[in-house]
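**Q** Sequence:
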Amino acid sequence: MSLAFNIEQCSAWLPGIDTQQDLVDWANNKKRIDPANAVMPALKQVPAMQRRRLSPFAKITLATTLDVCADLPSEHIDTVFSSRHGDLKRTALLIEDVAQQETLSPTQFGLSVHNAVAGLYSIFTKNKAPMSAVAAGEQSFMTGLLDAVSKLQANHLQRILYVYSDYDIPEYYRPYVNSQECACSIALLLSADTGTQCQLSPMSEPCDAEGYQPLDFLQKFYSGQPSCQLQSGGLGWQLTIGKKQ
1 MSLAFNIEQC
11 SAWLPGIDTQ
21 QDLVDWANNK
31 KRIDPANAVM
41 PALKQVPAMQ
51 RRRLSPFAKI
61 TLATTLDVCA
71 DLPSEHIDTV
81 FSSRHGDLKR
91 TALLIEDVAQ
101 QETLSPTQFG
111 LSVHNAVAGL
121 YSIFTKNKAP
131 MSAVAAGEQS
141 FMTGLLDAVS
151 KLQANHLQRI
161 LYVYSDYDIP
171 EYYRPYVNSQ
181 ECACSIALLL
191 SADTGTQCQL
201 SPMSEPCDAE
211 GYQPLDFLQK
221 FYSGQPSCQL
231 QSGGLGWQLT
241 IGKKQ
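Read in my numbering, the sequence shown has 14 at position 14, and its numbers run on one by one without any break.
Treat the hints with caution; some may be incorrect.
Just the calculated beta-carbon pair ranges, DEER-fashion [what the hints assert, rightly or not]:
| hint | residue 1 | residue 2 | range |
| --- | --- | --- | --- |
| 1 | Asp71 | Asn115 | 23 to 29 Å |
| 2 | Ala70 | Met203 | 33 to 39 Å |
| 3 | Ala154 | Ala99 | 23 to 29 Å |
| 4 | Ser2 | Glu138 | 21 to 27 Å |
| 5 | Gln153 | Gln21 | 32 to 38 Å |
| 6 | Ala48 | Asp71 | 22 to 28 Å |
| 7 | Gln20 | Asn178 | 22 to 28 Å |
| 8 | Ser150 | Val98 | 36 to 42 Å |
| 9 | Met40 | Asn115 | 20 to 26 Å |
| 10 | Gln238 | Met49 | 42 to 48 Å |
| 11 | Gln108 | His76 | 28 to 34 Å |
Listed next, the in silico BS3-like pairs over lysine-lysine satisfying Cα-Cα at most 27 Å (straight line) [as the list claims (entries may be wrong)]:
| hint | residue 1 | residue 2 |
| --- | --- | --- |
| 12 | Lys151 | Lys220 |
| 13 | Lys151 | Lys44 |
| 14 | Lys44 | Lys126 |
| 15 | Lys151 | Lys128 |
| 16 | Lys220 | Lys30 |
| 17 | Lys89 | Lys44 |
| 18 | Lys126 | Lys151 |
| 19 | Lys220 | Lys31 |
Note that these hints are calculated values from the structure, not bench results. Heads up, the beta-carbon is just placed ideally off N, CA and C, and yes, glycines get one too.
When you get a sec, could you build the whole thing from the sequences and use the hints?
**A** Here is the structure:
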């Protein structure tokens, strides 16, 4: 069974990719991701006192999330947040504190949990609609997208917001992750009938895609390529990107 949906708006953050044109150039191999020149979002929509407490992971996530909904009343938009690692740098520091038998900061602990950014977004925008947080290992991007599209259809929603983010992980965890992983944040405003038409179809054969799901998706979306393969566990999905309506 295929899942049809529309992408009404897309906002993305990548290191060293600062504008929509940069994204198009990167997707067409005219510009490279550049971690050395990564610029943190200004996040002027967030009060300064709260902004100072935000980690880089939270900043890039909130930046794309707020950007994609900038022209919409966000009080009642269901949202799915997804991340493989979450705010792992903050979590790792807490683990080090435990190992050294130091007292944990309640604030730092509260901001480290996997749905912390969802809570912050809800507070900043007064969005009281249902929200969920997904973590599914290497398949986190695809699993979150499937969850969001399924909710869009099953609950007969007009729109749903899907956000995927990950940030640089501590060096001692790097041997355990895909070498192609990089910091990124993608926010998609999915719609039942407005925007770029898309369709997810399960493949009959296992998917041989070995890239990094979020970047694979962004490259196809911004380069205008009509389809790509994305893997979710042992199941492959064909994502077909059509015309805007």
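**Q** Now, for every hint given, state plainly whether the structure supports it.
**A** Right, here's what the structure says about each hint:
1. For Asp71 paired with Asn115, a C-beta distance near 26 Å keeps the hint of 23 to 29 Å intact.
2. In this structure the hint that Ala70 and Met203 lie 33 to 39 Å apart at CB holds, the actual value being about 36 Å.
3. Evaluation of the 23 to 29 Å hint for Ala154 and Ala99 yields a failure: the beta carbon distance comes to about 44 Å.
4. Distance hint check for Ser2 and Glu138: the Cβ-Cβ separation is about 24 Å, which falls inside the suggested range of 21 to 27 Å.
5. At roughly 33 Å, the beta-carbon separation of Gln153 and Gln21 lies within the given 32 to 38 Å, and the hint holds.
6. The hinted range of 22 to 28 Å is satisfied by Ala48 and Asp71, whose Cβ atoms lie roughly 24 Å apart.
7. Checked against the hint of 22 to 28 Å, the C-beta distance between Gln20 and Asn178 comes to roughly 27 Å, which is consistent with it.
8. Under the hint 36 to 42 Å, the C-beta atoms of Ser150 and Val98, about 37 Å apart, fit the expected range.
9. Checking the proposed 20 to 26 Å range against Met40 and Asn115 shows it holds: the Cβ atoms sit about 22 Å from each other.
10. The supplied range of 42 to 48 Å is met by Gln238 and Met49, whose beta-carbon atoms lie about 46 Å from each other.
11. Between Gln108 and His76 the beta carbons are some 31 Å apart, a value that agrees with the proposed interval 28 to 34 Å.
12. Of the pairs offered as hints, the one joining Lys151 and Lys220 holds, with about 24 Å between alpha carbons and a cut-off of 27 Å not exceeded.
13. A threshold of 27 Å between alpha carbons decides the hint, and for Lys151 with Lys44 the separation of about 31 Å lies outside it, so the pair is violated.
14. Using a Cα cut-off of 27 Å, the hinted pair Lys44 and Lys126 holds, with the two alpha carbons roughly 17 Å apart.
15. At roughly 16 Å between alpha-carbon atoms, Lys151 and Lys128 fall within 27 Å of each other, so this suggested pair holds.
16. Restraint check: the Cα-Cα separation between Lys220 and Lys30 comes to about 14 Å, which is no more than 27 Å; the hinted pair holds.
17. Restraint check for Lys89 and Lys44: the C-alpha separation of about 24 Å stays at or below 27 Å, so the hint holds.
18. For the suggested pair Lys126 and Lys151, the alpha carbons sit about 21 Å apart, so the restraint of at most 27 Å is met.
19. A C-alpha spacing of about 15 Å is found between Lys220 and Lys31, which places the hinted pair at or below 27 Å, so the restraint holds.
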